[in-house]
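2 protein chains.
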Amino acid sequence: MDDDRTAPAALNLADLYRDYIACLNRRAWDDLGRFVADGVMHNGRRFGLTGYRAMLVKDCEEIPDLRFEIELLACTPPLIAARLRFACSPRARFLGLDVNGRSIVFAENVFYRYEGEKIVAVWSVIDKTAIEAQLSG
Amino acid sequence: MDDDRTAPAALNLADLYRDYIACLNRRAWDDLGRFVADGVMHNGRRFGLTGYRAMLVKDCEEIPDLRFEIELLACTPPLIAARLRFACSPRARFLGLDVNGRSIVFAENVFYRYEGEKIVAVWSVIDKTAIEAQLSG
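Those protein sequences? They're chains A and B, same order as listed.
Note that this note's numbering numbers the first sequence so that position 104 is 104, with each residue one more than the last.
Note that this note's numbering numbers the second sequence so that position 24 is 24, with each residue one more than the last.
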């Protein structure tokens, strides 16, 4: 694999990432393989594209109004880091919390490693503390 | 403010950030003002340098073996994103969890915005779910 494939320019990677987020917001699950590698790892576990897609489909079933919004973006190829903002209403439990349809706002700070044009690893942290504060408020 | 001050080169910002982390690991609180602006914001709240320093001092009192380790770094000036790894033993409660001296490993995914050479805003998310899993395991 040559350098152009392992380390595309920062600009290209950011554009690719925005296309990936648009794909999620379109629920275009059949296109997910354009952005995510077959053997993708998620928080240290080998989800694979099938498992990754299943996770996203389940998230969108449990949170019908889920929408991914990029708030901050930093890119040093082959890494992208994003702060994603969510304003949504999970139908029942979410992260072990009884949300039950209430509207919540929370962030996810997440890193991605690319190989070529595809995501091969994801390290995601969701701001559970912020959700707990909203539910107890 | 000219462009050089608002957007120093990515390499410089990453170096500055590594110096900031080294400062934390030395507990060199008197040097903190070299890296953090007087009016610093933390997760949307105006901590200021004094409040930010107080938070760090308290963290290190409650977690004497706290050590900041950079696992991933992405930089698009004026933003830096880091995934920090912690392997430590909080003495009592941490994030509302009864850790009570047990050894835990967790990550923080965190964004920083710089103005010139100083951090003016921090958006931090700690992986509380990972800690809960370790405590219940």
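Do not take every clue at face value.
A pair counts as met if it fits within one copy or between any two copies, since identical chains are not told apart.
[What the hints assert, rightly or not] With a straight-line cut-off of 25 Å between C-alpha atoms, the simulated SDA-like cross-links for lysine to any residue are:
id	residue 1	residue 2
1	K118	D98
2	K128	E117
3	K58	N100
4	K118	D31
5	K128	M55
6	K128	V105
7	K58	A37
8	K128	R45
9	K118	L56
10	K118	W29
11	K118	G96
12	K58	K128
13	K128	D98
14	K128	R91
Think of the hints as simulated: they come from the structure by calculation, not from any bench.
The structure presented is a predicted model; accordingly, all values stated were derived computationally and were not measured.
Next on the checklist: Of the numbered hints stated earlier in the document, which are not met by this structure?
Outcome noted: 1, 2 and 11
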